[in-house]
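If you read the protein sequences in the order shown, they are chains A and B.
The opening residue of the first sequence carries number 0 in numbering that gives the first Met the number 0; numbering runs sequentially from there.
The opening residue of the second sequence carries number 0 in numbering that gives the first Met the number 0; numbering runs sequentially from there.
Rather than coming from a laboratory, the hints here were simulated on the basis of the structure.
Possibly wrong hints are sitting among the right ones.
[Unchecked claim] Residues from chain B that face chain A, not an exhaustive set, calculated with beta carbons under 7 Å: (1) Q94; (2) Q412; (3) Q422.
The structure displayed is predicted, hence computed values, not measured ones.
Using N, Cα and C, we set each Cβ at its ideal position, and we do this for glycine too.
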Amino acid sequence: MANRTDVVDQSVAGASLSLGIRISRFGHRYARFIFPAPALLIVALIIVYPVFYTGWMSLQEWFASSLTPPKFIAVANYQKILAGDPRVRDAFFRTLYFTLIAVSAETALGVAMALLFNREFWGRGLVRTLSILPMMATPTAISLVFVMMYHPTLGVMNYLVGLVGLSPFKWTYSSKTALYAIALVDVWEWTPLIMLIALAGLAALPKEPYESALIDGASALQCFWYITLPLLRPTLIVAILFRSIDALKTFDIIFVMTQGGPSNASETINILLFNQAFSYFNMGYASSMAVALFAIVMGACLILMKVRRVGW
Amino acid sequence: MKQTKRNGIGTRGVTRREVFRLGAVGAASMAFGPFVVTPARAQAFNWQRFRGKELYCIFYKHPWIDEMVKFFPEFEDLTGMKVKYEVLPEVQGRQKLTVEMTAGSGGVDAWHASMHVEKRRFWKSGWFQPLNKFLEDKTLTAPDFDWADMTAGAVAAVTQPDKTISGIPTFVDPFVLFYRKDLYQQKGWRPPRTLAELEDQAQKLHNPPGMYGFVARGLKNANATPWAYVIYAFGGEYLTRDGKSAIGTPAWVKSMEWYAGMLRRFAPPGVVNFNWYECSSAFMQGQVGIYYDGVNFANQFEDPSKSKIAGKVGYAALPSGPAGHFAPTFTNAMAVSAQSRNKEAAYLLIQWATTKQMCVRELLAGVGVGRVSPWGHPEVKAKPKMPADWYTAYLESLKIGRAGLPEIVDVTQYRDIIGVGIQKAIEGAKAADVIAQTHKEFQELLDKTEK
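With the rest of the complex left out, here is chain B (with noise of 0.2 Å):
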């Protein structure tokens, strides 16, 4: 009994190990396979080269991803790969991004960074994939893929201090003026050149009920975007030069009676809690002459069946201020994630989202991109989808464009903590209480997060 008991074990022993052996075997040439067994393939670059992957991916709800993700089937075609993936709004998606990248589950391949957010703290806890290397591999980037195509301003926005590239831009979104051109027509004006004059118009329109002036975010943390647009105009800054709190400046008392007074004298009732949804919408409604917000929130103005101002909208550069003309510009991109078991075959995906081809289908869909070429395509000239004065707005946007938010860790802090004082100040509170409030706790959360 003893024997047969001691044959037994003896044989599954073996049989395990011998399994071992062969999975170990297997696993190697499943993953050198590219390399080892057909040493031709590695030599070239090659979209099949993944076929039979899975993908999962996280989106954060944009014009860009509505119109890449009907293109998906095109790319498991020509990968032999799938792709799954989940359309968060931005907050929730990162949210949730951020559990599992906590967690080091390692279930995310890739997702759609906003940069302007997520760039230092990510990078920091060592979420993004470096692409440098990736992209001098010629057997991963195709050779039609041309980097240097890319807006300067882009690439700027994707590399880290270190040098280390996190993602392959998108977009580049400069903020810009939307006017309503038949108003503005029947008056005989021209879209305002300083913000003396968007004053002034706004004044002249504001009409309540039926017409509101002006209108722009008011609420917490969304409103951290158009704000960036008032404080370079008056000259404000985020950080010193030895990165302390550059707040408590009267150029951001002064942005902030103008930008507060404008929502509070001109805008509609209830604007302290509008995020970009409550102002677009309102101004699509025809209740409101004048509004500024990310470029590529356009395209659905000028859709007949959601707008009821299609065709009646005009675009224009932000004017310039009492310090200079700029825009504000808030980078996005597709990035891989450091912890994902498919690195390589989720930086084919990203690439493919930002082919010129890709970039081409987006503007011809009303959405910018963060490319040169495509702008001059002959296609996008041929048939524009968005009128001829977007094109210019936004492309004199990208010139005087300037990153909209503070490099810091914890961004999102930040523009809670100046959010919350833009909604005391649109209700009354005075200016000047509110930005030594500010300071104080940004100063407080720099102390904190940038050791």
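Next up, chain A with everything else stripped away, as it sits in the complex (with noise of 0.2 Å):
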């Protein structure tokens, strides 16, 4: 070490230092930098640059053309969506409509499930393990299964349906029920997630509460009333929000069933905002949609953090 030192300082002496050294030396000055840059820059490279191309990408007008440079226009992008485009209003409130729909029937079957799964019962876990299984699968491949189910002349979902002395439906085949018709392909895949999460929740509840309702008298559903879902509730709000930033995006389904139709029906924000950067060409417009639904989901995430920080 000493001879090193030695080495450095005669060539310091000697007017120019070897390269070598210089660069080692370098390094081990900013070696708290030189260590983690890689990670950073692929970091930058992958994640920061696309949000920063998207966002300035938000402010021009481009039809993707080899032989036309993208125009900057500003806001214009953003103004159009919040003002002027009937069909992105349309598809906002319907991509929430979706969200309360899907998330809720989610909630209250997945609570019901767990509530169920919680209780001792011969076969419990066997059937436990089949119930989250639709959750294993691939949404694409669910898609596909499902549209071949909905068919309404070769379908198995109207034969089922007039089992029960229905009449038969037109599931994705008609602008009146598509939304719903897929909501149900959400609400069979995702329940098990509530369900997995409110179990986990129900397996936390302390036993003395129970125990002193049930000396005073207190019926099953009070319990489940006034113990139980209060008890739960801060695993269910989180469940709840998870579920619903997943919703809010939700594509795959929708594009294999749908493509957004009949007349739009079916046609959320991320389905609307795919057609106009892949159909239409039109990157701008598109990447502004895609920054507003960033918008949409960060805002949830936050109120999904507070949440967990409050506690509730």
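Join these two chains into a complex; the hints should help.
See the structure below:
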């Protein structure tokens, strides 16, 4: 060590420092910047750069042409989103509506299933495992299966509906029912997630409140309403927010089943922005929608974090 | 020490420069090799000229492509090139292609272009390699290729306003009428000659749930192609002479009443979301009496492993309407990417795919072609894959053919606009309201994209 310092000193004295030593010195001094640099660079390239590029693109008008460059139009795209475009407005409220119906059905069913599976009964482990299988399947594959099941004349759903004495539906083949039919697929797939989270919450609940309530003569329903539900609420809120964020972004099942149709009746923000970008090549406008969607999902995330901190 | 180091760097520098020089010479000789080193080779056409090159193509799923790729090993033997390709459904394929082209990756050498959708947009974006020079170049185009053998309609469909040729036509797909020959014979009918007759026959055949009178595409965007037939039959136009929307006319309203009405009254439930796939499935299941669509979808009807009605299908040119007798046509073509690094090699591929021999093979497989001579080829006449009325319907339709979609930049968005309108009308909206809305949106689209 001392020897090396000597060498360094000598070369300093000898006017010019050799390159290798300079590099190693630089390395020693700035190690804390150099070591994380590759990771930072990758994050910058694949996350930060696209986010800022999308933001920049959202201020342009560009139809994905190699001959005409993007044209800067400032916030005109955002003005159009907020004021001028009924298709965006419809898609926005449709996205919220879809999230509302899907997530509320999932929550109600998920909690009911969790309560059921929280009881001891023979074969519980097996049924519990089977019931979370939908979550494991690929959304695209599921959607393709549902497309066939929903077929008004050849599909099995109308047969099943007929068995319980109802007249056939048109499912995804009518603008009146398409959104609900898609929400049903979402419910089928994601109810188990709420069930799992609620089940974990139930397992952690204390026994004492129930015992004292039982002594006081509370009914099962009262126990659920006044004890289980309030105690479960923090867990449930997190589960609901997780699902809501996912439901807001739903793309695959809608794209595969209806591509947003019929008559745009199942077109959510995500589908619309995909169409704008990759069917109409309206890159600037699509980018501005992506930024808007990002803001909405970000808002939901902030609420989630706030809720977790407050504890509710 | 200093001395050694400088020497070291010096030596390395020289080596590098030498390598560069060698590389440059090598590259030049490779690039100009065919012309400079062996001038004799440059004189004559030679399939082997680009031996060793590898091409990458994107194709949209279509019977033509299914047939062509079977013969790729033959092309690879002939030229010594390798072909890699992907076959994707049309919409997804075009999206992938657009992303590649926008990124300017140069990775795609050739693709099977749908001229009725891509013609203007891709040309304006500079993605088509103009083929005029290649076609004139005797060292690149085989002497027996015979460009003059292409039908006039096909050539018009691949020629841009600046006279550049954007692709070599593979087929011109007219829409034709498919009907249940067996049922028609029972009733002693002939195929409909007018729209009114068609409607009347559909009504009489209609007997749900076993038999639906009529089906055509209802799905947004996909429905814009059969729709073209109806507006032509009623005398509608897409654009005025000065390039404005010509949609808001009584002809369009009448067309909408007819088309949406036919589907509402006589088609299987859920038709509003039917693409050609659902339509032809219902037809092949024997659930539908009359159907019309692209002529090249028909070869599956005659396949007994897929179709319950093989041998029972009649083919005819579409009936005439109040404003005349037209068949909408849609032209596809093999195109070379302007970004390709192997443009000339890719040109050899698209040339091979559209030779007379390949077109004969396609016809033998029951897929129509954009050349004239293969239709009269003795082999095609000797063992026709399709019934005789399919060939007559095809050729008759080409005679009354008319480009099916407006030649504008954003054809896809036009198709979505009218597509949603048709869906709304099928579900009961008033035709006049739907057309008024479509007219407005189409004009807004033109204002935005046709500047």
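**OP:** Mind listing which of the numbered hints don't hold for this structure, in increasing order?
**Re:** none
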